[in-house]
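Protein chains in written order, with numbering that gives the first Met the number 0: chain A, 0 to 84; chain B, 0 to 232.
Treat each hint with caution, since some may be false.
Mimicking DMTMM-like on lysine to aspartate or glutamate, the simulated pairs with C-alpha atoms at most 25 Å apart in a straight line are [claimed, not checked]:
id, chain 1, residue 1, chain 2, residue 2
1, A, Lys-11, B, Asp-43
2, B, Lys-106, A, Asp-36
3, A, Lys-41, B, Glu-177
4, A, Lys-20, A, Glu-57
5, A, Lys-11, B, Asp-55
6, A, Lys-20, A, Asp-48
7, A, Lys-20, B, Glu-177
8, A, Lys-54, A, Asp-36
9, A, Lys-11, B, Glu-152
10, B, Lys-106, B, Glu-152
11, A, Lys-11, B, Glu-151
12, A, Lys-11, A, Asp-36
13, A, Lys-20, B, Asp-216
Sample of chain A residues at the chain B side, in silico, Cβ under 8 Å [as the list claims (entries may be wrong)]:
id, residue
14, Met-0
15, Met-62
16, Leu-66
Taking beta-carbon pairs under 7 Å as the criterion, some of the chain B residues facing chain A (in silico) [as the list claims (entries may be wrong)]:
id, residue
17, Ala-101
18, Pro-104
19, Arg-166
Honestly, the hints are just simulated from the structure, not real lab data. Note that the structure is predicted; figures quoted are calculated from it, not measured. We put the CB at the ideal spot given by N, CA and C, even for glycine.
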Amino acid sequence: MRHRAEIVVTLKSGVLDIQGKAVFQSLQQLGYGELEDVRVGKVIHLLLDAPTPEKARELARGMCEDLLVNGLIEEYRISLEAAER
Amino acid sequence: MNVSVVVFPGSNCDQDAVRALASFSGRPVAQVWHGDPALPAATDLVILPGGFSYGDYLRTGAMAARSPIMEAVRRHAYEGGLVLGICNGFQILTEARLLPGALLPNKTLTFVCKPCTLRVERTDTPFTGAFRSNQVVQFPIAHHEGLFYLPEEELDELERRGQVVFRYASPEGSIAPEVSPNGSLRNIAGIVNERGNVLGLMPHPERASDPVLGGRDGLLVWQSVAGWIEGGH
Chain A
0 MRHRAEIVVT
10 LKSGVLDIQG
20 KAVFQSLQQL
30 GYGELEDVRV
40 GKVIHLLLDA
50 PTPEKARELA
60 RGMCEDLLVN
70 GLIEEYRISL
80 EAAER
Chain B
0 MNVSVVVFPG
10 SNCDQDAVRA
20 LASFSGRPVA
30 QVWHGDPALP
40 AATDLVILPG
50 GFSYGDYLRT
60 GAMAARSPIM
70 EAVRRHAYEG
80 GLVLGICNGF
90 QILTEARLLP
100 GALLPNKTLT
110 FVCKPCTLRV
120 ERTDTPFTGA
130 FRSNQVVQFP
140 IAHHEGLFYL
150 PEEELDELER
160 RGQVVFRYAS
170 PEGSIAPEVS
180 PNGSLRNIAG
190 IVNERGNVLG
200 LMPHPERASD
210 PVLGGRDGLL
220 VWQSVAGWIE
230 GGH
């Protein structure tokens with residue numbers, strides 16, 4: 000069974016997000032005075048072959064821990080959906 | 000002394016390191032491909048050079064830290080061998096968890112490439128025995144991700160264990176946030192592991208090993224390592 004996993008990786012709240020800060024300033028200059036904060040992260044899409052959604056999630060989590068995410072500075076969330084064969 | 004320089008796809012300071020060390024030691028320097036499973040026998044010092052390994056994709060140093068040679072580097076460090084990570088090499092060592100912390104993008108939002116002055120905080124490591132206590136030296140820096148980060152409490156622990164070896168300083172040796180070129184916490188430019196045999200630093204001693212290239216202060220690192228090895232360690 001094929002699954003599509005979307006992993007959103009963001010910097011932990013205490014970690015200075017220099018990219019987010021730059022985008023924040025730029026949006027303020029464009030006149031968006033309502034803006035209070037910007038955090039920039041990244042999205043990683045995985046296409047997985049696994050017998051169950053639980054197994055697919057477990058695999059994706061393992062990949063996050065092994066390489067995709069640096070737990071010291073980043074956090075992540077996984078969303079999963081069935082993919083067409 | 001026997002030196003091995005690891006070459007990752009995207010390394011670009013490997014030849015600088017090879018040249019500096021070969022010229023200093025008068026011996027050939029081994030170059031080891033990242034996909035190799037082992038280091039040359041009798042390696043005393045492994046250097047992870049600067050550059051943009053794996054294009055800096057995902058996070059700087061992340062994929063290089065998981066390449067096959069790193070298991071051998073880990074074993075070398077475990078057995079007490081010396082490991083030196085310069086710039087991207089430092090980033091790789093933190094990603095490999097051989098050193099604590101992470102290197103975040105510079106606070107200035109820019110790539111910073113210039114000479115900078117550093118204060119030596121410890122002279123009892125294998126890499127700094129030839130320095131005078133609190134000596135100020137000049138090495139160049141060239142990086143975009145050099146802001147050393149650890150959560151506050153862990154930073155205190157790092158300081159308490161004396162793991163900070165180099166700090167960005169004024170030419171007179173004073174430490175203030177303004178003299179940090181990248182916003183690094185507590186002006187940290189280089190740290191060692193608890194055992195002291197693994198050093199990572201953002202500045203480039205190999206680019207300060209020839210007067211033609213703007214200085215000789217980097218030679219002190221090689222002299223320190225040579226002295227350490229000759230001392231029978």
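Now for the hints, and whether the structure bears them out:
| no. | hint | in the structure |
| --- | --- | --- |
| 1 | A/Lys-11 with B/Asp-43 | 38 Å, violated |
| 2 | B/Lys-106 with A/Asp-36 | 17 Å, holds |
| 3 | A/Lys-41 with B/Glu-177 | 31 Å, violated |
| 4 | A/Lys-20 with A/Glu-57 | 33 Å, violated |
| 5 | A/Lys-11 with B/Asp-55 | 20 Å, holds |
| 6 | A/Lys-20 with A/Asp-48 | 38 Å, violated |
| 7 | A/Lys-20 with B/Glu-177 | 20 Å, holds |
| 8 | A/Lys-54 with A/Asp-36 | 36 Å, violated |
| 9 | A/Lys-11 with B/Glu-152 | 16 Å, holds |
| 10 | B/Lys-106 with B/Glu-152 | 21 Å, holds |
| 11 | A/Lys-11 with B/Glu-151 | 14 Å, holds |
| 12 | A/Lys-11 with A/Asp-36 | 14 Å, holds |
| 13 | A/Lys-20 with B/Asp-216 | 37 Å, violated |
| 14 | Met-0 | 27 Å, violated |
| 15 | Met-62 | 11 Å, violated |
| 16 | Leu-66 | 6 Å, holds |
| 17 | Ala-101 | 5 Å, holds |
| 18 | Pro-104 | 5 Å, holds |
| 19 | Arg-166 | 19 Å, violated |
In summary, the structure is inconsistent with hints 1, 3, 4, 6, 8, 13, 14, 15, 19 from the numbered list given earlier, while agreeing with the others.
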